[in-house]
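K.L.:
Produce the complete structure using the sequences and hints provided.
Below are the chains, spelled out letter by letter.
2 protein chains.
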Amino acid sequence: MKYDIIIIGGGPAGVIAAITAKKSYPEKKVLVIKSVGGGVIPCGIPYMLTTLLKPEDNALGNAPLEKNKIDFKVDEVIEINKERKEIKTKNNELFKYEKLVLATGSNPIMPPIEGIEKKGIYNIQKEMNHLKNLKKDSGEAKNIVIVGGGFIGVEFADELSKLKDAKISIVELMPEVLANSFDPEFSELAKQKLVDEGVELITGEKVLKFNGNERVESISLSNNKQIPAELVILGIGASPNSDLAKRTGLEIGKGRGIVVDEYLRTSDSDIFAIGDCAEKKDFFTRKRINIMLASTATAEARIAGANLFKINVLRENKGTIATYSTQVGDLVLGSAGMTENTAIKEGFEIIVGNAECTDKHPGGMPGTNKLKVKLIFSKQSHILLGGQVAGGNSAGEIINIIGLSLQKRILLTELETLQMATHPKLTPAPTMYPLVTAAQDALR
Amino acid sequence: MKYDIIIIGGGPAGVIAAITAKKSYPEKKVLVIKSVGGGVIPCGIPYMLTTLLKPEDNALGNAPLEKNKIDFKVDEVIEINKERKEIKTKNNELFKYEKLVLATGSNPIMPPIEGIEKKGIYNIQKEMNHLKNLKKDSGEAKNIVIVGGGFIGVEFADELSKLKDAKISIVELMPEVLANSFDPEFSELAKQKLVDEGVELITGEKVLKFNGNERVESISLSNNKQIPAELVILGIGASPNSDLAKRTGLEIGKGRGIVVDEYLRTSDSDIFAIGDCAEKKDFFTRKRINIMLASTATAEARIAGANLFKINVLRENKGTIATYSTQVGDLVLGSAGMTENTAIKEGFEIIVGNAECTDKHPGGMPGTNKLKVKLIFSKQSHILLGGQVAGGNSAGEIINIIGLSLQKRILLTELETLQMATHPKLTPAPTMYPLVTAAQDALR
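Going line by line, the protein sequences match chains R and Z.
The first sequence: position 232 = 299 (my numbering), numbered continuously.
The second sequence: position 76 = 143 (my numbering), numbered continuously.
None of these hints come from the bench; they were simulated from the model.
Since we're looking at a predicted model, the values are computed, not measured.
The list treats identical chains as one, so a pair stands whether inside a single copy or across any two.
Only pairs whose alpha carbons sit at most 35 Å apart, straight line, appear in this in silico DSBU-like list of lysine-lysine:
| id | residue 1 | residue 2 |
| --- | --- | --- |
| 1 | K231 | K437 |
| 2 | K96 | K157 |
| 3 | K412 | K292 |
| 4 | K446 | K89 |
| 5 | K163 | K95 |
| 6 | K412 | K475 |
| 7 | K437 | K95 |
| 8 | K348 | K385 |
| 9 | K437 | K134 |
| 10 | K475 | K89 |
P.N.:
Written out as structure tokens, the structure is:
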């Protein structure tokens with residue numbers, strides 16, 4: 068059977084690529100082949116445990132595909148013949164394609180720690196039944212240990228802290244949580260919230276061994292302590308799922324990502340790769356970075372989907388801005404671009420500005436939170452290099468103002484003279500708007 | 068007595084100009100002369116009635132001036148001698164200046180309607196005692212009529228609707244509320260919320276007469292009806308307070324605003340004018356517009372304050388982006404730049420994109436609101452001309468992403484490929500981020 072466009076992978080990248088392709092080329096036939104029937108929305112995974120009424124509320128359904136008249140099937144592609152432009156599946160079906168999009172995602176990293184195969188140790192797979200089992204086990208465990216203090220680890224800890232009967236711990240190798248995306252003064256705020264929620268933080272330590280018989284019972288740490296654990300959640304990152312691409316003979320980068328050009332084309336120009344399986348370059352340094360975000364994946368999917376047959380959505384030579392947000396209790400944290408630590412490590416000469424204010428005004432407005440912003444600028448050029456924000460819910464979109472500023476290479480003086488909408492119930496006072504005052508602070 | 072810098076006016080513009088001046092030129096002596104002792108934060112005025120615990124929570128205090136070692140006094144400047152660089156006050160004091168900044172604000176418009184002088188009819192003055200009287204009277208009135216359905220009128224109505232014993236009505240000349248800043252489909256959302264709150268909307272009608280003896284008792288409308296009113300609030304706009312500047316011989320524009328150059332210098336280069344008293348030009352058309360916003364005023368204050376003695380904060384030839392946000396009940400509305408209606412009226416050839424989604428994801432996350440975005444682009448150049456947003460609290464910062472996009476003249480294709488931070492508890496899904504999907508919609 069022949070399709071004009073075949074997309075391998077049914078996560079956010081695959082779905083958005085399919086929809087964009089169908090909208091850009093309505094006459095083309097599009098097929099999505101997904102390996103998992105019960106897919107889930109990746110960023111919603113932690114919230115399947117307690118916040119959402121039921122795990123199914125986080126299902127990644129097929130409605131968007133059906134609505135856009137895109138064919139799909141659950142199967143696994145085991146072979147790509149790029150000369151014949153043909154793929155073969157596990158169910159032994161053959162499909163011919165004009166354009167192929169690889170959106171095969173990533174696999175959670177499983178470190179070679181003794182005992183990691185024991186029952187009760189979960190990595191994070193984007194699959195409904197796996198996560199239902201995790202939810203069930205988390206309801207029964209008295210001691211839950213999360214390995215890794217990045218976004219996933221911190222969000223799981225925050226979510227699980229609502230379980231009254233379980234003790235939650237995080238074991239993190241670095242001295243701080245969220246250390247890849249935040250400078251220490253922001254990580255410290257997250258840490259404080261987690262401690263307030265009763266989470267134990269064990270930082271600067273390594274897991275040496277998982278103990279127990281069939282099921283995990285405890286963990287041996289590098290500080291010679293042993294902590295009880297009937298449930299372990301591994302949140303230590305993921306690795307691009309590029310095996311199929313490699314077998315096909317496509318170029319693979321050192322970090323195992325599929326090498327792509329500006330328009331997400333692989334070394335075979337009829338094959339595109341998008342999302343976690345494709346290699347990413349940093350916005351400022353053009354170095355290879357290991358950033359795996361649904362928002363990056365969907366941005367790439369839109370570019371690839373529109374450009375399959377002709378380049379019409381121009382992608383500037385931008386690279387990936389690492390931009391995240393997260394919430395711990397009522398504290399929202401966001402980061403975009405470089406932290407102060409990263410910028411210094413990469414050799415940038417910088418100036419830094421800080422601002423603190425309230426996120427509503429006057430401060431007596433109900434529901435007011437503290438808001439803290441840090442901006443990092445290039446010293447000589449005054450171009451914004453990165454920003455971090457901590458506050459209430461509005462910080463989730465404030466980080467997107469900073470993200471856009473990075474993508475538009477905004478200058479300090481432009482932020483100083485920024486015009487913004489302010490409102491007592493919604494934003495800081497115009498006299499205190501923190502992107503403006505942090506820019507001013509950087510100059511002094 | 069001589070000061071290096073004298074600022075006339077103690078509102079947000081005056082205060083921020085003083086602070087910026089002091090930080091930019093620490094060796095200079097700065098004096099602020101304010102005509103009102105008990106100043107208030109302008110945008111917080113509606114919320115002094117019920118939301119804030121007490122009106123004093125909205126006071127505009129002197130702490131920022133004191134902290135920055137800026138002298139201030141309550142007095143009125145009655146004369147400027149620009150040849151001798153000298154001012155005279157009502158209390159008969161003389162001060163010499165090097166640089167003078169006019170931040171004299173605006174006066175509420177009092178239309179020549181019969182009976183407008185009656186007791187119980189309030190305009191909005193930025194003065195504590197006036198507003199305390201308004202609060203007291205609003206607690207006693209059974210029928211409160213707000214004249215004018217712009218931001219101030221709508222916010223007062225929303226706020227007063229919490230009073231259980233009063234009937235609240237808005238009388239508006241135009242067919243819609245908020246018609247200057249929103250297209251009808253957004254105005255309609257505000258209208259619906261107000262109706263849900265029990266506010267009566269009388270649109271397309273004019274006030275002909277205020278009836279009563281000493282105090283107002285009722286209002287005669289152009290539809291020949293008479294409605295009871297023991298309290299009337301006038302929210303029909305304001306006019307630049309440029310009398311002093313006019314008497315001084317400075318150039319005044321047709322809309323009564325003081326004419327200023329790119330750096331807020333008046334026709335006398337040692338005298339600056341900022342905020343409501345200074346003339347504003349539209350960002351896209353360079354036409355004179357009557358926009359009076361604290362956020363615009365403070366942006367101007369920062370430019371003027373830094374540039375008093377030498378130009379070092381560059382202001383690009385931008386003009387004023389009309390950018391606002393407001394809240395009616397739990398509905399947040401924001402607007403930046405041109406509406407579809409304005410763009411068409413001004414002769415722009417446009418394309419329009421719409422998007423609807425939820426402001427958290429998946430939709431089952433607690434506290435999820437609907438989010439609606441409309442973007443207006445130039446058809447040929449694909450430059451963003453304006454945007455409107457309706458949603459929950461996060462819409463208050465989403466409109467600032469749109470505002471920044473306007474100021475950076477963002478293109479449709481840049482929004483299509485935008486990288487943003489998304490999070491289940493904070494933002495729409497990456498697959499549905501409405502600035503991206505509205506941009507895509509505009510193309511189709």
